[in-house]
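Here is how the chains run, residue by residue.
There are 2 protein chains.
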Amino acid sequence: MKAILLFSGGKDSSLVAHLLKTLNYDVKLVTANFGAVPDCWETAAEAAKILGFEHEVLEMNPEIILKAADMCEEDKKPRHAIDYVHRQVLEATAKKYPNHLIADGCRRDDVTPKIERNEAKSLEDRFGIEYFNPLGGISYKTINYLTESLFITENIRAGAKPTSEYETEIRAELRKRGGDALERGIFPDNHYHSIVLGWKHDQE
Amino acid sequence: MKAILLFSGGKDSSLVAHLLKTLNYDVKLVTANFGAVPDCWETAAEAAKILGFEHEVLEMNPEIILKAADMCEEDKKPRHAIDYVHRQVLEATAKKYPNHLIADGCRRDDVTPKIERNEAKSLEDRFGIEYFNPLGGISYKTINYLTESLFITENIRAGAKPTSEYETEIRAELRKRGGDALERGIFPDNHYHSIVLGWKHDQE
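Going down the list, the sequences are from chains A and B. Those letters in the first sequence? Residues 1 to 204, per our numbering, in order. Those letters in the second sequence? Residues 1 to 204, per our numbering, in order.
Derived by calculation from the structure, the hints in this document are not laboratory data. Please note that the accuracy of each hint is not assured.
Since copy identity is lost for identical chains, a pair holds within one copy or between any two.
When the alpha-carbon atoms are kept at most 25 Å apart in a straight line, the in silico DSS-like pairs for lysine-lysine are as follows [unchecked claim]: (1) Lys121 / Lys141; (2) Lys67 / Lys28; (3) Lys200 / Lys21; (4) Lys95 / Lys2; (5) Lys77 / Lys67; (6) Lys114 / Lys176; (7) Lys77 / Lys161; (8) Lys141 / Lys2; (9) Lys141 / Lys96; (10) Lys76 / Lys121.
Construct the complete structure from the given sequences, taking the supplied hints into account.
Structural data, given as structure tokens:
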């Protein structure tokens, strides 16, 4: 059976890719791009290639990032904006791949993005998909243990270089509007995103 | 790393056992028994043996089933009682196995039992455990697809014969108090529990 996984190239979505593979799904990794930073899907594509999975760029409506930047400016923090973007990507993926398993790497212990059960059910009912979110029931300690045992990773200070996170494109739009000060006032400087550089052990 | 999994012998907890094995955990299956039906752990032990996992019976305080039966009589339905029993078993397992991964097969789409995130965090903080509940992020369709592809199962009409579900011991206590009528007034007649009889394909 075919599984479509939203993929940033980070360790969380890579762990879900590994889980799906061990469960014998035929896995396709999908990375959303909104055109605000046209090449920023490349880190995800590179990670997908290294891990040995099929990869696709999903071209999204650029207005989603504009609206996300509006939300950031209003809230002075990115939480709702990232939630909003993730929902739009899930919806677009479900629309493109009805009746497939659609997976993501949202964690139980992350504040955002978070898809509640009723939202998952709504997506499932409307598109015939099966939403697959195993990390929603797993603690950060377990995720860290598993990803450390599976993958070689690098931690990138958020904003230091373009990665395939939604954050990259939202920040680019905020910079355009109000420069570094606006961007830095909304996204905290002290957080990191992981990028998977390879398997720790040879895979069959 | 050692993983302790609450195990009823049914397809849900068997799927979690399989997941843990593919993630290279050293898995021990644990089945609670409260003494109300002293041998009802045997279906779980048999399934564990067939699947090739270590198994242990966790002897629980019999008063838990008395209190669960009280709750059933008061509510006229078993939901809160089963939630209560599951929490007691998780707590006892965490107390016995601090600093381990403690897993269960609670599903996203089941009303009960359900462990909320704040309860999971509390267990984790108090006992140093990692609560592992992957089926909390997986739809019933996916669980059915995976368990059907992995296991040979049998569906047992609830109450028809003793199985290792909490329901078996709660029903026994209710029968003692008010006979079949009381038991049947509380537990619906039209539901089934699965028992795993074997792997569909040979395992390595």
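To see whether the hints hold, each was checked on the structure:
Only between protomers do lysine 121 and lysine 141 lie at most 25 Å apart by alpha-carbon distance; the minimum there is 11 Å, versus 28 Å within a single protomer. Taking identical chains as interchangeable, the C-alpha atoms of lysine 67 and lysine 28 are never at most 25 Å apart, the minima being 28 Å within one chain and 49 Å between chains. Within a single copy, lysine 200 and lysine 21 get their C-alpha atoms as close as 16 Å, and across copies as close as 18 Å, so both meet the 25 Å cut-off. In this homomeric assembly, lysine 95 and lysine 2 come within 25 Å of each other (Cα to Cα) only inside a single copy, at 15 Å, whereas the closest approach across copies is 41 Å.
For the identical chains of this complex, lysine 77 and lysine 67 are intra-copy neighbours only, at 14 Å inside a copy versus 47 Å across copies, given an alpha-carbon limit of 25 Å. Neither within a single protomer nor between protomers do lysine 114 and lysine 176 lie at most 25 Å apart by alpha-carbon distance, with minima of 28 Å and 46 Å respectively. Proximity of lysine 77 to lysine 161 under the C-alpha cut-off of 25 Å is restricted to the intra-copy arrangement: shortest distance 20 Å within a copy versus 56 Å between copies. Proximity of lysine 141 to lysine 2 under the C-alpha cut-off of 25 Å is restricted to the inter-copy arrangement: shortest distance 14 Å between copies versus 29 Å within a copy.
For the homomeric pair lysine 141 and lysine 96, the shortest alpha-carbon distance between copies (20 Å) is at most 25 Å, but the shortest distance inside one copy (34 Å) is not. Taking the shortest Cα distances, lysine 76 and lysine 121 never come within 25 Å of each other, neither inside one copy (31 Å) nor across copies (28 Å).
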